[in-house]
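Q: Spelled out from the first residue to the last, the chains are:
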Amino acid sequence: QIMLTQQAESLWISPGERVSITCRASQSLLYTDGKHYLSWYQQRPGQTTKALIYHASVRTDGVPTRFIGSGSGTEFTLSIEHVQPEDFAIYYCLQTLKSPYTFGAGTKLELK
Amino acid sequence: QVTLKESGPGILQPSQTLSLTCSFSGFSLSTYGMCVVWIRQSSGKGLEWLANIWWNDSQDYNPSLKNRLTISKDTSNNQVFLRITNMDTADTATYYCARRHVYYGLFDYWGQGVMVTVSS
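If you read the sequences in order, they're chains A and B. Residue numbering for the first sequence follows the numbering used here, starting at 3 and increasing by one per position. Residue numbering for the second sequence follows the numbering used here, starting at 7 and increasing by one per position.
The reader is advised that the hints may include incorrect statements.
[Claimed, not checked] Quick list of in silico lysine to aspartate or glutamate cross-link-like pairs, EDC-like style, CA-CA up to 16 Å:
#: 1; chain 1: A; residue 1: K100; chain 2: B; residue 2: D94
#: 2; chain 1: A; residue 1: K100; chain 2: B; residue 2: D66
#: 3; chain 1: A; residue 1: K52; chain 2: B; residue 2: D94
#: 4; chain 1: B; residue 1: K51; chain 2: B; residue 2: D114
#: 5; chain 1: B; residue 1: K51; chain 2: A; residue 2: E11
#: 6; chain 1: A; residue 1: K52; chain 2: A; residue 2: D35
Since the hints were made in silico from the structure, they are not lab data.
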């Protein structure tokens, strides 16, 4: 199965800063249609899990433009510019290129 | 507006069978390309995809639990079901259902999750 590694378990940042969360796949997530099947999710206590990014770099409807997905092949990044108080949460990457679909272990943004 | 909600027994004993229901609205599983997935989250193993069922009744299972899982649907009542046999304490987790987007491979809407505890 494809393994996803999110190296950082936690990142400590202050509101207004920029942060990058990385996700590394054990094999390329590029499909024959030219898309990468890598998506990003946000989990906050008491709220449903929110889909942020799909195809590595496309924001889902309503996601603020400060959330930026990038990367290709096996290396992917979720960047958040000018972090807002509501962005302190846990972020997961997910690959849906091949079954079994797999998640990264998650990166928690914590207030510095 | 798409919503999903999970329901289940809350607590059960080892070796019992878990039956979960995902009740959804805002879309139909009879529509081409639609898919509902089950995911669980435990403190020990993080997020784990379990199974999904497509509009055409095609099913996929995580091989690590395949022999224990059965996913099914009731299209008329907008429900998807998951059964897990021979539950163990290691299966204690929050279980989520989500919709998989037709084209993007994205789990675009999630339920709140239902906590399941396996304990004797």
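Q: So, for every hint listed, does it hold in this structure?
A: Cross-check of the supplied hints:
1. A/K100 <-> B/D94: Answer violated: A/K100 to B/D94 is near 27 Å, above 16 Å.
2. A/K100 <-> B/D66: With a Cα-Cα distance of about 11 Å, the restraint between A/K100 and B/D66 holds, given a limit of 16 Å.
3. A/K52 <-> B/D94: violated, 29 Å
4. B/K51 <-> B/D114: Violated, because 22 Å separates the two Cα atoms, which is more than 16 Å.
5. B/K51 <-> A/E11: holds, 14 Å
6. A/K52 <-> A/D35: Roughly 25 Å between the alpha carbons, so the hint for A/K52 and A/D35 is violated.
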